[in-house]
Amino acid sequence: MADPSLKTKWSRHSAWADILTASPSDAARPCGVNVVAREGLGVAGIQAQRGRKAALSALVKMRYGLELPTTPRAVRDAAHAFVWAGPGQWLLVAEQKESFAELSELAAVSDQSDGRAALRLSGPNVRDMLAKGCMIDLHPAAFPSGAAAMTSIAHIGVHLWRVDEQPYDRPAIFDILVARSMAASFWSWASASAAEYN
Amino acid sequence: MANATQPFRLPQIGLVDRNAPLTFRFDGQALSGFRGDTLASALLANGARLIGRSFKYHRPRGLLTAGPEEPNGLVELRTGARREPNTRATVAELYDGLEATSQNRWPSLGFDLLSINALFAPALMAGFYYKTFMWPASFWERLYEPAIRRAAGLGRAANAEDPDTYEKAFAFCDILVIGGGPAGLSAALAAGRAGARVILCDDDFALGGRLLSERREIDGLPASQWLARTIAELESFPDIRVMRRTTIFGVYDHGVYGALERVADHVMAPAPHQPRQRAWRIVAKRAILAAGAIERPTVFGGNDTPGVMLAGAVRTYVNRFGVAPGREAAIFTAGDDGWNTARDLAAAGVKIVAVVDSREQVDPNLRTLCEGFGAPLYAGASVFGASGGKSLRRLAIREANGSVRTLACDLLTVSNGWNPTIHLASHQGHRPVWNAAIHAFVAGDLPDGMRVAGSAAGRFSLREALLDGAQLGAEAAQDCGLATKQSAPAPATDPEAVAVAPVSRVAGSRGKAFVDYQNDVTDRDIELAAQEGFRSVEHLKRYTTLGMATDQGKTSNLAGLAIMAELTGKTIAETGVTMFRPPYAPVAIGALAGHHRGQDFRPVRLAPTHQWSKELGAVFVESGLWRRAQYYPQPGENDWLTTVNRETLAVRGGVGVCDVSTLGKIDIQGADALTLLERVYINNWSNLPIGKARYGVMLREDGFVMDDGTASRLGETHFLMTTTTANAVKIMQHLEFCLQVLWPTLDVQIASVSEQWAQMAIAGPRSRDLLRAVIDEEHDISDDAFPYLAARMVSVGGGVEARLFRVSFSGERAYELAVPAGYGDALARALMAAGRPFGVTPYGLEAMGVMRIEKGHVAGGELNGQTTARDLGLARMMSGRKDFIGRVMAGRPALVEPDRPILAGFKPVDRAQRLRAGAHFLGLGRSADLDNDEGYMTSVAYSPNLGHWIGLGLIKRGAERIGERVRAYDPVRNGDVEVEICNALFLDVEGARLRG
Amino acid sequence: MRLPCPHCGTRDVQEFTYLGDANVKRPGADEMSEAAMTRYVYERDNPAGRQREYWHHSSGCHAWIVVTRDTRTHRIESAEPAKPLVQS
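Protein chains in written order, with numbering that gives the first Met the number 0: chain A, 0 to 197; chain B, 0 to 995; chain C, 0 to 87.
Worth flagging that the hints you see were computed from the coordinates, not collected in a lab.
Glycine included, each C-beta is placed from N, C-alpha and C at the ideal position.
Among the clues, some could well be false.
[As the list claims (entries may be wrong)] Stretch by stretch, here's where chain B covers chain A in the computed footprint (C-beta under 8 Å, at least three residues):
1. 137-149
2. 187-195
[To be verified] Capping the alpha-carbon separation at 25 Å, the derived lysine-lysine pairs in BS3-like fashion look like this:
3. B:K729 <-> C:K24
4. C:K82 <-> B:K729
5. A:K52 <-> C:K82
6. A:K8 <-> B:K613
7. B:K284 <-> B:K484
8. B:K881 <-> C:K24
9. B:K881 <-> B:K729
The whole structure should be built from the sequences, with the hints applied where relevant.
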């Protein structure tokens with residue numbers, strides 16, 4: 000599926016439009032939590048066809064140079080991430096929208112680029128903020144670099160993974176995806192939870 | 000020792016910050032205290048002894064304790080919207096500007112008209128609710144209950160909305176240490192040194208537990224030095240979280256602990272963006288319960304007189320807060336510990352007027368101590384009466400030889416031993432066990448992963464607390480797979496004596512002797528319960544309300560059990576104990592709700608066109624989690640029906656557009672995709688060609704309809720299923736069950752694509768004309784190329800991928816057009832722009848409902864989990880050539896019974912009358928009782944096309960009764976309308992409009 | 000409560016949806032009858048003790064799992080994927 004925005008004059012609305020408002024930056028005061036909306040991603044759900052998991056793994060290795068994870072982890076390079084999304088299932092997150100057609104030989108591919116709203120969360124208080132809704136342990140001992148999880152935050156389903164390669168005692172960086180329709184509710188929780196650190 | 004404003008403040012003693020004076024108000028009177036005070040200590044420093052009135056008898060009450068177990072010192076804290084009743088003055092940290100009000104008094108604390116209750120006390124004995132108010136029953140609601148509630152209130156809640164915010168939070172650790180006293184601190188230290196992730200919680204604002212209240216030495220130095228060093232080390236570990244002002248209130252399965260952190264209860268108002276309180280859910284591999292012990296009162300006449308206090312609490316007021324709770328103190332003790340209070344009071348300059356030790360044999364060293372005070376010692380004696388009304392004045396003492404003497408004093412310290420604080424150990428249903436050696440219940444079986452240390456384990460000495468903590472902390476770390484280093488030798492402590500021979504109650508008391516102060520339960524009430532046969536602990540508790548107040552009997556349970564044991568000639572072990580349940584201390588509902596209140600009560604889902612609808616002035620309605628446009632009022636339209644009529648007529652007369660993105664959409668791929676559809680739907684799918692959609696119905700395995708929708712064949716092995724909005728999540732879960740559990744060998748991959756696609760319905764005779772203007776030219780949508788039930792990929796707006804389905808819910812020529820959700824807004828705007836020449840009208844859920852009822856299409860009202868396909872007139876869809884979920888059970892006799900209510904249409908006989916969903920059908924002239932019930936109305940609408948109300952409903956043998964008249968009876972809304980049964984298809988019976 | 004998802008690790012029970020007895024088996028085509036279906040749909044043991052039960056990790060990996068739990072103590076003996084681990 001080629002990116003249709005190349006031809007159309009229709010404007011594509013960000014999932015965060017009308018929701019995420021830039022906070023007045025106060026350079027003198029460092030923020031405890033930094034939030035970046037990740038726009039224009041290509042996201043696809045990938046499920047191996049019956050008996051094709053190994054072949055799919057080999058194809059991904061060849062095409063993307065990445066090893067499909069078989070446990071809850073995110074495997075990534077600068078352009079792509081394959082995030083475990085259940086047994087035999089992955090989420091392919093591309094920095095830019097692109098065609099995933101060649102994977103459909105071996106897998107059911109469903110475009111989710113418009114169905115997910117993505118944020119990148121960082122800052123010294125990012126774990127404190129996430130702890131106000133996230134029911135899993137994000138301590139580096141339990142959730143090291145590359146760890147991924149599907150869980151819920153404030154009753155909203157999320158897919159999150161740790162993207163930094165920071166040493167043990169440095170603040171982590173998380174990518175997080177939520178359903179597009181819930182972006183406003185998620186932001187209501189996130190902004191309230193981060194407010195005391197910013 | 001007097002101080003101008005705080006006459007009972009002791010100079011140079013205590014941990015309060017004398018450089019940080021604070022002002023506060025109690026019942027409107029301005030008073031002062033210091034940072035580090037509690038409201039209780041500050042009140043005592045100011046000489047306030049009368050703090051409140053009791054719940055039932057309105058007796059004057061003062062402070063009994065200095066901690067969270069306080070039964071008497073309940074006040075309303077703060078004012079206005081922040082007013083909070085029943086807060087314990089003993090744990091309310093003083094802040095500048097604090098306002099507190101006494102409770103249960105009228106018109107003033109000193110002069111309380113309702114204390115007349117005390118004169119009628121016999122009427123308020125145990126069981127009085129049950130006995131007095133049994134008859135007549137109607138008097139209960141109208142007369143007794145309101146009167147009792149007014150008299151026996153426990154403070155007033157604020158009427159305004161709480162202005163503060165609350166949070167939930169989750170934490171994980173290897174070891175949770177509950178209690179920051181000597182045992183807890185040494186446990187946390189040992190575990191932390193081993194590298195464990197530790198959370199240490201203490202409900203106080205200062206760590207140290209009893210060390211803050213006692214004059215003790217560790218390693219030859221004042222305990223405060225050990226304390227400071229230990230806290231500093233703990234706080235240096237990155238993986239130790241020390242949580243002050245945090246109460247563990249519940250223990251749950253699998254190492255889950257509930258905790259309440261009072262983030263901003265110690266300030267006037269929370270800092271911006273800070274919550275007032277935070278409710279934590281802590282997950283711990285191991286827990287060490289080091290919650291200390293609660294001192295036991297003694298039951299004797301007048302033991303609730305303000306000025307009668309527990310001995311340990313008095314030491315807390317003196318040593319920690321630098322407050323003398325009186326000027327002339329008598330000591331009433333059943334053990335060695337009460338003597339510590341005598342010693343500390345004397346050291347602080349309080350006059351000791353007598354020591355009453357209930358033991359015949361008193362250690363000679365203690366006798367010598369008494370001589371030092373210049374006070375008489377009464378050994379083998381007891382206090383059997385305390386009096387003075389609002390403040391203690393006199394004691395009646397019975398000496399060992401039986402002679403009685405009176406003694407003047409303003410403070411009586413009562414020492415009767417300690418009960419381990421084991422509530423949390425029994426939250427999982429483990430009953431405490433009696434330990435005769437310490438005359439107390441201790442934890443029996445423990446929750447998985449929990450150990451008990453120090454006083455909480457009935458090991459009351461400081462030495463044992465430090466030893467237990469160090470050992471259990473190290474063991475817990477080992478359990479978590481951490482190696483512990485050679486443990487340092489346990490610190491040495493100064494000598495201590497803890498012998499005690501408890502007195503459950505003083506025989507021959509004068510005046511009321513209270514067991515449960517907060518619920519006003521006396522020893523006589525327990526006698527009455529025994530006499531009337533309420534002897535088991537569970538009956539005793541409920542009959543007398545012993546231990547059922549907000550303090551949950553922390554100071555009273557044991558005394559009650561001991562008296563019952565004595566009355567029934569049993570041991571306390573035989574008498575048993577009731578179970579403790581969460582919460583250990585009251586938790587505000589607001590804290591449990593956290594962020595989830597008001598607009599954030601639960602997450603809201605917004606459609607991709609939400610902003611567009613908002614700009615058009617849509618009125619939104621909650622539909623599950625979704626906010627959907629209900630209708631789009633235009634200027635001058637003053638009621639919803641006018642708007643909905645306009646929208647309905649516009650669709651049927653021209654074209655309308657409506658967001659239907661909320662429908663569930665499930666992408667189904669794989670070699671066996673068709674097989675899955677055949678097994679979950681009742682109808683046939685094998686002959687569905689590529690590029691076509693079909694309506695399908697699913698049953699539950701019990702034979703009832705679960706959901707309906709369409710599925711489209713996008714490719715040989717690729718389908719797109721739609722579900723109703725309400726069942727989207729449930730159907731996905733159902734299909735996952737089918738594929739993972741029922742038929743795991745099928746090669747099918749399913750994915751929810753509900754969020755990916757924005758979908759608009761375009762309905763009405765001009766719908767194709769409108770679409771033609773939006774869909775890219777190369778796609779042929781003529782009726783030949785794109786007939787009813789066609790489903791194909793197209794593109795819009797110059798290359799935006801789209802899916803077009805020719806399906807209709809309205810009965811008109813209609814289409815659904817789906818685009819990636821990011822283009823949903825653009826699609827809606829493009830449709831509006833292109834539709835201007837056709838008078839395109841946005842319509843909402845309400846008009847959609849009207850049109851589907853006009854066409855007899857079933858929806859939520861009919862798909863209610865109690866209807867079969869046959870009930871809904873869909874029996875002919877059921878394939879006889881295949882197995883599908885629900886097939887066998889749908890054929891059960893009860894589900895094919897001819898008398899079952901069947902779907903039919905209904906019109907009011909008097910066409911001007913309104914119909915109501917929920918009305919029950921009765922035969923004409925039949926009375927409104929269950930035997931005559933023939934079914935009910937499931938959906939109604941005003942049809943602007945027909946000019947009257949119409950309804951769908953389920954009525955016995957409905958299909959056979961067309962033309963018959965029945966009553967639609969709706970007693971809730973005073974409705975009783977004669978209706979005619981008709982075909983559930985009100986409009987365009989031939990379906991001509993559908994195909995254009 | 001916390002349940003050990005065999006795929007995701009131990010998670011709060013809030014993430015899961017309970018279904019019930021995992022010992023019942025849907026009758027196959029050859030044994031399909033009203034009596035067999037009635038047993039499958041309605042008849043359940045109610046053990047005070049060990050029970051195998053279906054849970055769906057609905058806020059997580061969407062796997063159906065079979066948890067063996069003591070109904071008296073909530074102690075979890077095991078949790079396994081409901082879908083047999085077919086060779087892939």
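Taking the hints in turn, this is what the structure says about them:
Residue count for the segment 137-149 of chain A with a Cβ under 8 Å from a Cβ of chain B: 3. That meets the three needed, and the coverage hint holds. Evaluation of the coverage hint for the segment 187-195 of chain A: fulfilled, as 6 residues show C-beta separations to chain B shorter than 8 Å, against a requirement of three. For the hint pairing B:K729 with C:K24, the CA-to-CA distance comes to about 21 Å; that is within 25 Å, so the pair holds. Among the hinted pairs, C:K82 with B:K729 is consistent with the structure: their alpha-carbon atoms are about 19 Å apart, no more than 25 Å.
Note on A:K52 and C:K82: the hinted pairing holds, with a Cα-Cα distance of about 16 Å set against a maximum of 25 Å. This hinted pair checks out: A:K8 and B:K613 have alpha carbons roughly 23 Å apart, not beyond 25 Å. At roughly 20 Å between alpha-carbon atoms, B:K284 and B:K484 fall within 25 Å of each other, so this suggested pair holds. Of the pairs offered as hints, the one joining B:K881 and C:K24 holds, with about 20 Å between alpha carbons and a cut-off of 25 Å not exceeded.
Taking the CA atoms of B:K881 and B:K729, the gap is near 24 Å; set against the 25 Å cutoff, the hint holds.
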